[in-house]
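Asker: Sequence:
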Amino acid sequence: MFSSVDLTDSLSGSSVTATVKEVERGLQEDDSTLSLITWNIDGLDLSNLQERARGVCSYIALYSPDVVFLQEVVPPYLNYLQKRAVSYTIIPGNTEAYFTAIMLKKSRVRVLKHEITPFPTTSMMRNLLEVHVSELLNVVCLIHREINIKGINDVS
Numbered sequence: 004m005f006s007s008v009d010l011t012d013s014l015s016g017s018s019v020t021a022t023v024k025e026v027e028r029g030l031q032e033d034d035s036t037l038s039l040i041t042w043n044i045d046g047l048d049l050s051n052l053q054e055r056a057r058g059v060c061s062y063i064a065l066y067s068p069d070v071v072f073l074q075e076v077v078p079p080y081l082n083y084l085q086k087r088a089v090s091y092t093i094i095p096g097n098t099e100a101y102f103t104a105i106m107l108k109k110s111r112v113r114v115l116k117h118e119i120t121p122f123p124t125t126s127m128m129r130n131l132l133e134v135h136v137s138e139l140l141n142v143v144c145l146i147h148r149e150i151n152i153k154g155i156n157d158v159s
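Each residue of the sequence shown is one higher than the one before, counting from 4 in the numbering used here.
If you're looking for bench data, these hints aren't it; they were derived computationally from the structure.
Note that CB positions come from ideal geometry on N, CA and C, so glycine has one too.
Accuracy of the hints is not assured; some may be wrong.
Claimed, not checked - Below, a list of computed lysine to aspartate or glutamate pairs in the DMTMM-like style, where the Cα atoms sit at most 20 Å apart:
{"hint": "1", "residue 1": "Lys109", "residue 2": "Glu99"}
{"hint": "2", "residue 1": "Lys86", "residue 2": "Glu118"}
{"hint": "3", "residue 1": "Lys116", "residue 2": "Glu133"}
{"hint": "4", "residue 1": "Lys109", "residue 2": "Glu133"}
{"hint": "5", "residue 1": "Lys86", "residue 2": "Glu54"}
{"hint": "6", "residue 1": "Lys108", "residue 2": "Glu118"}
{"hint": "7", "residue 1": "Lys86", "residue 2": "Glu75"}
What the hints assert, rightly or not - Simulated DEER-style distance windows between Cβ atoms:
{"hint": "8", "residue 1": "Met127", "residue 2": "Trp42", "range": "12 to 20 Å"}
{"hint": "9", "residue 1": "Asp48", "residue 2": "Ser137", "range": "19 to 27 Å"}
{"hint": "10", "residue 1": "Thr124", "residue 2": "Thr36", "range": "17 to 25 Å"}
{"hint": "11", "residue 1": "Asn51", "residue 2": "Glu99", "range": "33 to 41 Å"}
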């Protein structure tokens, strides 16, 4: 079973506390559910990068998902996440320019191995990030899709 939370809603300071309590009541960890977040964090937009990185960490701390799929991660985001999200194993799809990353909650998912498969026809440094895990899942994969210049064919 998967649970879903809409992260597009703006949370004011006063509603965050109430939301945290509701989440804690409604989303308890057990072996029958797996929670995940997938998010294009738009690391290519360098405005307010540190503030936005804190916001990403706040949502991850708030919802405490088992698996987090991130797209458009940039090195400063990755560094920030590695310092702050210590309860997660973070596997980046690259470490230069922009890339994807998978975060796995250490208390719920154990990483066995991971592989990065480059796409030979990519013009946007895209790849397949594949992580083999134990317990809840066998494999988790993340692809940040690419559209060619004409917008007709997906080249990934």
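Asker: Under the constraints set out in the numbered hints, which ones does this structure not fulfil?
Answerer: 1, 2, 9, 10 and 11
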